[in-house]
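Chemist: What follows is each chain in one-letter form.
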Amino acid sequence: MISGPNTGGKTVALKTIGLAALATQSAIPVAAQRAMLPLFDHVLVDIGDEQSIAADLSTFSAHMLNLKSILATATRESLVLVDEMGTGTAPEEGAALAVALLEEFRAKGCLVLATTHHDRLKAYASTAEGVLNGAVEFDDVNLRGRRTG
Amino acid sequence: MVGVPGGSSGIAIARRLGLSEEIIERARALLLSRIARGGGLDAYLHPQPRGVGSHAKADGGGATCV
Numbered sequence: 001m002i003s004g005p006n007t008g009g010k011t012v013a014l015k016t017i018g019l020a021a022l023a024t025q026s027a028i029p030v031a032a033q034r035a036m037l038p039l040f041d042h043v044l045v046d047i048g049d050e051q052s053i054a055a056d057l058s059t060f061s062a063h064m065l066n067l068k069s070i071l072a073t074a075t076r077e078s079l080v081l082v083d084e085m086g087t088g089t090a091p092e093e094g095a096a097l098a099v100a101l102l103e104e105f106r107a108k109g110c111l112v113l114a115t116t117h118h119d120r121l122k123a124y125a126s127t128a129e130g131v132l133n134g135a136v137e138f139d140d141v142n143l144r145g146r147r148t149g
Numbered sequence: 001m002v003g004v005p006g007g008s009s010g011i012a013i014a015r016r017l018g019l020s021e022e023i024i025e026r027a028r029a030l031l032l033s034r035i036a037r038g039g040g041l042d043a044y045l046h047p048q049p050r051g052v053g054s055h056a057k058a059d060g061g062g063a064t065c066v
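So the protein lines, in turn, are chains A and B. Everything in the first sequence is counted per the numbering used here, starting at 1 for the first residue and increasing by one. Everything in the second sequence is counted per the numbering used here, starting at 1 for the first residue and increasing by one.
These aren't lab readings, by the way, just hints derived from the structure by calculation. Note that the coordinates shown come from a computational prediction; the quantities given were computed from them, not determined experimentally. Just to be clear, a hint being listed does not mean it is correct.
As the list claims (entries may be wrong) - Sample of chain B residues with no beta-carbon within 10 Å of chain A, all distances over it, derived: (1) M1; (2) V2; (3) G3; (4) V4; (5) A36.
What the hints assert, rightly or not - To spell it out: a stretch of chain B is covered by chain A in this simulated footprint if at least three of its residues, at any positions, have a beta carbon under 8 Å from a beta carbon of chain A; those stretches are: (6) 8-17; (7) 20-27.
Claimed, not checked - One-sided and incomplete, this derived list gives chain B residues near chain A with beta-carbon spacing under 8 Å: (8) L30; (9) L31; (10) R34.
Using N, Cα and C, we set each Cβ at its ideal position, and we do this for glycine too.
Just need the whole structure built from these sequences, with the hints factored in.
Modeler: Structure representation (structure tokens):
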């Protein structure tokens with residue numbers, strides 16, 4: 001569960017991991033000093049806003065439909081990347097839905113990386129077994145994210 | 001409805017979009033436990049900030065404590 005300041009690089013972290021995973025599976029060297037990556041059967045992603053008048057999709061419904069199809073596909077060998085989990089609705093409802101979805105992913109045993117601004121999801125990650133918090137630091141002098149380690 | 005705040009009904013919409021009943025029920029239970037513990041609808045509509053982890057494991061662990 002990745003959290004931290006806006007514009008701090010949470011989404012970039014997800015994309016970097018996704019690209020590295022896909023590169024590895026295509027026998028392309030990963031841009032890292034050292035990398036050890038498993039082979040996944042799927043790399044499943046919900047990043048960005050797919051809202052569309054033509055497709056009758058709101059921000060929220062696009063995320064929900066995406067997550068629904070990711071859940072239907074994911075196995076314990078899958079990598080799942082979810083940006084801004086539980087957004088697009090009332091924070092409490094979004095967080096409750098996100099926790100319920102995360103529990104399904106945990107039951108499946110897939111590797112999930114999700115970003116959030118919900119304190120409730122950070123609290124969930126701090127107590128639930130098999131879930132770990134990670135943060136992008138904030139440099140309060142320059143008012144921007146600071147990535148360390 | 002001018003002058004009235006509106007609820008989001010995110011969980012209900014997620015149900016209509018086809019998320020499994022299991023997930024919907026779990027989300028609803030999590031939301032209701034939060035509302036019940038947090039002082040009812042008024043607190044839900046006007047939540048006060050809380051520290052992360054201050055309520056952790058309060059009811060014996062698991063996801064219901066978040």
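Chemist: Take the hints in turn and mark each one as holding or not.
Modeler: Status of each hint after checking the structure:
Even its closest Cβ contact with chain A, about 17 Å, leaves M1 (chain B) beyond 10 Å, as expected for a residue assigned away from the interface. For V2 (chain B), the non-interface assignment is confirmed: its Cβ lies about 20 Å from the closest Cβ of chain A, beyond the 10 Å cut-off. G3 (chain B), annotated as away from the interface, keeps every beta carbon of chain A farther than 10 Å; the closest lies near 19 Å. Remark: the non-interface label on V4 (chain B) is consistent with the geometry, its nearest Cβ contact in chain A lying 15 Å away (cut-off 10 Å).
Distance check on A36 (chain B): its Cβ is at least 12 Å (rounded) from any Cβ of chain A, clearing the 10 Å threshold; non-interface status holds. With a threshold of 8 Å between beta carbons, the proposed coverage of the stretch 8-17 of chain B by chain A holds, since 7 of its residues qualify and at least three are required. Interface restraint, the stretch 20-27 of chain B with chain A: holds (6 residues with C-beta to C-beta distance below 8 Å; minimum three). Checking L30 (chain B) against chain A by beta carbon gives a least distance of about 4 Å; that is within 8 Å, so the hint holds.
For L31 (chain B), the interface hint holds, since its Cβ comes within 8 Å of a Cβ in chain A; the closest pair sits about 4 Å apart. A distance limit of 8 Å between C-beta atoms decides the matter here; for R34 (chain B) the minimum to chain A is near 6 Å, and the interface restraint holds.
In summary, this structure violates none of the numbered hints.
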